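In my numbering, the protein residues as written are 12 to 343.
The set of hints was computed from the structure by calculation and includes no laboratory data. Nothing here was measured: the structure is a model prediction, and the numbers come from that model. The beta-carbon is built from N, C-alpha and C at its ideal position, and this holds for glycine as well. There may be inaccurate statements among the hints.
Here are the simulated SDA-like pairs of lysine to any residue, each with C-alpha atoms no more than 20 Å apart in a straight line [unchecked claim]: (1) 253 <-> 243; (2) 253 <-> 268; (3) 253 <-> 184; (4) 253 <-> 94; (5) 253 <-> 214; (6) 253 <-> 194; (7) 253 <-> 179; (8) 253 <-> 293; (9) 253 <-> 271; (10) 253 <-> 265; (11) 253 <-> 290; (12) 253 <-> 217; (13) 253 <-> 206; (14) 253 <-> 297; (15) 253 <-> 295; (16) 253 <-> 200; (17) 253 <-> 232; (18) 253 <-> 195; (19) 253 <-> 203; (20) 253 <-> 236; (21) 253 <-> 183; (22) 253 <-> 193; (23) 253 <-> 208; (24) 253 <-> 204.
Derived CB-CB ranges, DEER-like [to be verified]: (25) 214 <-> 159: 39 to 49 Å; (26) 239 <-> 194: 21 to 31 Å; (27) 159 <-> 207: 20 to 30 Å; (28) 169 <-> 266: 23 to 33 Å.
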Amino acid sequence: MFEHLFHLARHEFGFTYYNSRRPVPAFFYLNPVFVALLVTALASAGVLLFLLPSVRRKLATLYLGWTMIGTGAAIGYCLIIPEWQYGSVELPYGSTRVSYWPSSGYLVPKSSYALRLSIGIHAANFTLYAYGDQGFYYDEVISFNTQETIYEQYLSALRRGLPEPLLVLMEQVAATETKGFVWPYRVRLAGHYTSWALYFALGLWVISLLTHPSLPLSSAEFLTCSGLLLQSCPALYAILLKGSPRLDIYVSGCVMALRYGACFWTCLACGVVATLTGVGMMIQARRDSKMCLTTFNVTEGSKAKKHDKRHDVVFQEEEETAYHKGVNHTQN
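I would like the entire structure built from these sequences, with the hints used as guidance.
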């Protein structure tokens, strides 16, 4: 859904220059989506905390549910946001050429330019913007669907006359030749297999979410499997990249070094948290099953406890009656 909104926000066949200093549209799905997922997680946790009855008897299950919400938000974040690798560099004034300018009345700002590359598992994002009151903002994306799609997107950038730094970066990422410069091929290969691992983790998370209201122990088991799979995603991505993303890209006399981005570390951290939560929940369930009550069985547990109390009272009355009968029989 967010990718569809992103493509609606972009004007594919228009100019690349946007007459605005705000980071739109390629960042359209970056901060807002993350904030929306965070708000959804907090709101769901608030509903579980304040609206469900007898919360004190379900604290372990409540914590499991909160962890599941955060895990789902992390999986969505890693699938959508292109931040598995990133690199940025500042270009001094005079080191680059801006091939498009809206009118002769504007002057190219005599200040430094900021160039950034963000690589995800499905696409790569390129940004170039200038500081100052008359700054500009270029924002482009290349999707890793097929080699033909990548080639067409790069040709479109050439036809529209993008600035030289953007074309250099796009040429590095869009290279389809695997005999010499194999880094772009490794990036696309790592993104392809990592996306499949994330989709499997998402499926396990959905099963965990569905079984949580009635079977918290099974939900913890599925959450543990999802967490283990999430931990394997960064390892798989790094292995397919041959260990390190450090690639020095020379742009207009400057060097851009790539590093692992927020999605890489978010996936690893959330996988560890989900695994520890699931294992702790399973241990707690085997030690004390009363700590793993849910909305469906907390009432039954209360009824069972009341039934046990009534049964104990009846049993005590029967013992007292039998005792008095025995005493009377002895006296007679």
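Here is how each hint holds up against the structure:
1. 253 <-> 243: Distance of about 15 Å is within 20 Å: holds.
2. 253 <-> 268: Roughly 16 Å between the alpha carbons, so the hint for residue 253 and residue 268 holds.
3. 253 <-> 184: Holds: residue 253 and residue 184 sit about 17 Å apart, inside 20 Å.
4. 253 <-> 94: 18 Å, holds
5. 253 <-> 214: 28 Å, violated
6. 253 <-> 194: With a Cα-Cα distance of about 9 Å, the restraint between residue 253 and residue 194 holds, given a limit of 20 Å.
7. 253 <-> 179: Roughly 23 Å between the alpha carbons, so the hint for residue 253 and residue 179 is violated.
8. 253 <-> 293: 36 Å, violated
9. 253 <-> 271: Roughly 13 Å between the alpha carbons, so the hint for residue 253 and residue 271 holds.
10. 253 <-> 265: Violated, at about 25 Å.
11. 253 <-> 290: Distance ~32 Å between residue 253 and residue 290 Cα, so the pair is violated.
12. 253 <-> 217: 32 Å, violated
13. 253 <-> 206: Satisfied, since the Cα-Cα distance of roughly 18 Å is no more than 20 Å.
14. 253 <-> 297: The given pair, whose Cα atoms are some 42 Å apart, is violated under the 20 Å limit.
15. 253 <-> 295: 40 Å, violated
16. 253 <-> 200: Holds. Residue 253 to residue 200 sits at ~11 Å (cutoff 20 Å).
17. 253 <-> 232: Violated, because 32 Å separates the two Cα atoms, which is more than 20 Å.
18. 253 <-> 195: 12 Å, holds
19. 253 <-> 203: Holds, at roughly 15 Å.
20. 253 <-> 236: 26 Å, violated
21. 253 <-> 183: With Cα atoms ~18 Å apart, residue 253 and residue 183 stay inside 20 Å; holds.
22. 253 <-> 193: Holds, because 11 Å separates the two Cα atoms, which is no more than 20 Å.
23. 253 <-> 208: OK: residue 253 and residue 208 at ~18 Å, within 20 Å.
24. 253 <-> 204: Holds. Residue 253 to residue 204 sits at ~14 Å (cutoff 20 Å).
25. 214 <-> 159: 39 to 49 Å: 30 Å, violated
26. 239 <-> 194: 21 to 31 Å: Holds, since residue 239 and residue 194 (Cβ atoms, about 29 Å apart) stay within the stated range.
27. 159 <-> 207: 20 to 30 Å: 22 Å, holds
28. 169 <-> 266: 23 to 33 Å: 24 Å, holds
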